[in-house]
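Taking the hints into account, I'd like the entire structure generated from these sequences.
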Amino acid sequence: MSCAPVAQPGRCRQPTAPSTIEPDGGGVSTAAVILAAGGGTRWTGPGHKLLADFRGRPLVAWSIEAATTAGLDELIIVGGAADLSALLPEGATLLGNDGWESGQAGSVQVALAHAARVGHGAIVLGLADTPMVPASAWRSVADNPGDLVTATFGGERRPPVKVAQRLWPELPVSGDGGARSLLAGRPSLVVEVACEGQAIDIDTVEDLDRWS
1 MSCAPVAQPG RCRQPTAPST IEPDGGGVST AAVILAAGGG TRWTGPGHKL
51 LADFRGRPLV AWSIEAATTA GLDELIIVGG AADLSALLPE GATLLGNDGW
101 ESGQAGSVQV ALAHAARVGH GAIVLGLADT PMVPASAWRS VADNPGDLVT
151 ATFGGERRPP VKVAQRLWPE LPVSGDGGAR SLLAGRPSLV VEVACEGQAI
201 DIDTVEDLDR WS
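The sequence shown lines up with residues 1 to 212 when you count with my numbering.
Calculated from the structure, these hints are not laboratory results. Everything numeric in this text was worked out from a predicted model, so none of it was measured. Wrong hints could be hidden among the right ones.
FRET-style restraints, in silico, Cβ to Cβ [what the hints assert, rightly or not]:
#1 Trp211 <-> Glu101: 36 to 44 Å
#2 Ile200 <-> Asp147: 23 to 31 Å
#3 Arg55 <-> Gly96: 35 to 43 Å
#4 Pro46 <-> Ala116: 33 to 41 Å
Backbone N, C-alpha and C define an ideal beta-carbon position, used for all residues, glycine too.
Below you can see the structure in the form of structure tokens.
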């Protein structure tokens, strides 16, 4: 997979193993965050959608593999409605969001609290139900030197989104928004990185059947 930075120069390199990654330029530590707490309200199939079979393994396993392969300084998974403990890679951090029914912003805040506590300088936010977002998208967004960096797929802004520490207070504290409001409110800071792959959300049984 390859990615091409847009609007600001950046590096696009193939993902490397987590054990070989040094903090990004200037010693900034960057964490990958997978938001995986929601209940999947549009899902009508058995069990939780993140555990449904997609191309031979649980749906969420694809996002976990991509973020792991990207090799950032830490992988943080924010869970809630589904038990994801059996899918946790070695070295990853699983955080619980007991208030997952209140919206995605709560999961972002759970991740930020942990990231601040351990000293990360940036986070890259991604979704658990976008199995066709490749590791190269995570890595290229993280590698770009901008403070607010979003992947684009076919010209559309979609996660993963990198947010530098100085912008964390501007992320929503309630509701179902992640980084969208920040991207809209800080247009002069936004750097777009065009990536291969598809940012398809798997929300319904029909979505799962269509893309499997």
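For which of the previously enumerated hints does the structure constitute a violation, in increasing order of number?
1 and 3
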